[in-house]
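Enquirer: Protein sequence lines, in the order shown, are assigned to chains A and B. Position one of the first sequence corresponds to residue 822 (the working numbering), numbered consecutively onward. Position one of the second sequence corresponds to residue 1392 (the working numbering), numbered consecutively onward.
Warning: the hint list may mix true and false statements.
What the hints assert, rightly or not - Some but not every residue of chain B turned toward chain A, in silico, with C-beta under 7 Å:
no., residue
1, Arg1491
2, Glu1502
3, Thr1528
4, Trp1535
Unchecked claim - According to the in silico footprint, chain A covers these stretches of chain B (three or more CB under 8 Å from chain A):
no., stretch
5, 1466–1478
6, 1492–1501
7, 1513–1519
8, 1541–1554
Claimed, not checked - To list a few chain B residues with every Cβ distance to chain A over 10 Å, as calculated:
no., residue
9, Gln1431
10, Ser1433
11, Arg1447
12, Ile1449
13, Leu1456
Everything labelled a hint here was simulated from the structure, so no lab data went into it. In this text, a Cβ means the ideal position worked out from N, Cα and C, and glycines have one as well.
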Amino acid sequence: MRAPTCLGIAAISAAIALAIGCGGTGSSKTNSPQGTAGNVQPISVSLGPNGNYANGLFTSVTICVPGSSNCQTISDVLVDTGSSGLRLLSSAVSIPLPQQLAADGKPVAECLPFLSGYTWGPVQTADVVLSSEKASSIAVQVLSDTALPVAAGCKDIGLPSQDTVQTLGANGILGVGELDQDCPACSETGSANPGLYYECGSSTCQATTESLSAQVRNPVASFPTDNNGVAIALPSVDGASLSANGSLIFGIGTESNNGLGSAQVYTTDQFGNFTTTYKGNSYPGSFIDSGSNGLFFLDSASTGVPVCGDASGFYCPASTQNLSAQNSGTNGTHGTVNFSIANADSLFSNSVDAAFADLGGPSAGVFDWGVPFFFGRTVFTAITGKSTPAGTGPYWAY
Amino acid sequence: MNVLFHNAVDYRKKPLVFGLGVGLVLLATVGLAFGSLGGQASSVQADALHAQGKLRSIPARAYSLHEIDTAKGILLREYVSPAGRVFAVTWQGAWMPDMRQLLGSYFDQYEQAAQQHQQAHPGRHPLAIQTPGLVLTLDGHPGWFIGKAYIPDLVPQGVHAEELK
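Take these sequences, add in the hints, and give me the full structure.
Expert: Shown next, in the form of structure tokens:
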């Protein structure tokens, strides 16, 4: 069941396939060139720093005090195509990064909501190095509830804070999604501003506008080259596996190893979504997200698949369900995705496994194509406004 | 902040005769200062006011639907039972709504359940809260959030959770 297979790799463009080995042994999977090219960052599905993460896709990130050789490498940073920008636990950062200050001299902080919690903390500046690529002097978020007082507007989201390794399950989040700056509307004045950025006094923080150039930024977008998007290549996983090793490749069609090949381009809407159709019903607002740890879709009433008894947010069918759905880009491209949903309680009963191809759960009326979607595929994410051989981002291609 | 809650009426047993009208009623955004889920129908207006949003109300079978387009570009939908109670709210848009306002007296329950969910299930995935008193789902990613919350005991008979969008 866990024997290594390279079948999925055949679908990858020839250029990438050349660079890819199949070095998996035992129940661990690899299709990574392991950083042999300057635009390739090794990534791995592992149990993470707490030893209990299911389908967590991690990498290491090097940060430096801007313009200096004072650097450190932080491991176990989650690779997330669903967000944009680098966020690191304060406890993981040991070098003195300069604090961003507002015009009035007050420190700037950000509140970014995710699903399982929010990230809060000061906006600081760093050089970010991934493989041989460097984003110079970009804003990053340092996660801490104590460095600056958590804004009331952030607490009113009602989600828990994620500023420790226990609550985040990682040392940080590397957002390599479709945006360059993480909140374009935050640069607007007036009531349309969602108010994610704050300037802080000693006891309270006030929402503020944040110019695009000052916002937390997708590091890839500010690389000198290979800056129009990323590809994530992971091996196929048959059932469950101890780990899965792959590549985060920078640039789309910029080097010999990142061509689109036969990948189909699915353009996305203003929210970064496309439409998934399942059993004749269309679900706009669906998306691909390497930061989601399963295939999340619809609910038990719509799918007939029962959730687990412990209300864990996963599906627990009596036997593995083989399902099919169709994705459609806003450009009219469509294609069928076959997927399987196994019993999550059974999957988790073997606590040494980290990678699960058939892990899924209910959503809120959409399809959320998480890490299992990436197994056995190369998935491209093109950044908004960036030119690529297949047109201007944003889009996904696979 | 929300005290308009609970008399022990079982709304499932009430007759469900609501108009099939498709009329659009524009209501002034002058409301009372109460939160929404579980509150009286009048709290919908308070939500619209709080969100600096535009409100339109659409009578439908078995409930009336009130939509609020907020200034921040979030679409809120509030479902009011024939008995005049907000039994469900949904939201979608680039960012999260003010959940404290939207969930009213249910906010603390949601906050606690979200905390437990995070502790029990490491990893980033949609929020799925299923308690006898509150069902809430949340999915999306930064730049896109979609969610739904309802009170099972207040959902009118014949209304299925899937149709609350």
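Enquirer: Now tell me, hint by hint, if it's right for this structure.
Expert: Status of each hint after checking the structure:
1. The restraint placing Arg1491/B at the interface with chain A holds, with a minimum CB-CB distance near 4 Å, inside the 7 Å limit.
2. A least Cβ separation of about 5 Å between Glu1502/B and chain A falls short of the 7 Å threshold, and the interface hint therefore holds.
3. The restraint placing Thr1528/B at the interface with chain A holds, with a minimum CB-CB distance near 4 Å, inside the 7 Å limit.
4. Checking Trp1535/B against chain A by beta carbon gives a least distance of about 4 Å; that is within 7 Å, so the hint holds.
5. Beta-carbon proximity to chain A at under 8 Å applies to 0 residues in the stretch 1466–1478 of chain B; the threshold of 3 is not reached and the given coverage is violated.
6. Restraint check on the stretch 1492–1501 of chain B versus chain A: 4 residues with Cβ-Cβ distances below 8 Å, three needed, restraint holds.
7. Requiring three or more residues with a Cβ within less than 8 Å of a Cβ of chain A, the coverage given for the stretch 1513–1519 of chain B holds, as 7 such residues are present.
8. Note: the stretch 1541–1554 of chain B has 3 residues with beta-carbon separation from chain A under 8 Å; the three-residue rule is met and the coverage holds.
9. Against the 10 Å criterion, Gln1431/B stays outside the reach of chain A, whose nearest CB is about 22 Å from its own CB.
10. No beta-carbon of chain A is positioned within 10 Å of the beta-carbon of Ser1433/B; the least distance is around 22 Å.
11. Every CB of chain A is more than 10 Å from the CB of Arg1447/B (nearest about 19 Å), matching its label as outside the interface.
12. The claim that Ile1449/B lies off the interface holds: its Cβ sits roughly 19 Å from the closest Cβ of chain A, which is beyond the 10 Å cut-off.
13. Remark: the non-interface label on Leu1456/B is consistent with the geometry, its nearest Cβ contact in chain A lying 16 Å away (cut-off 10 Å).
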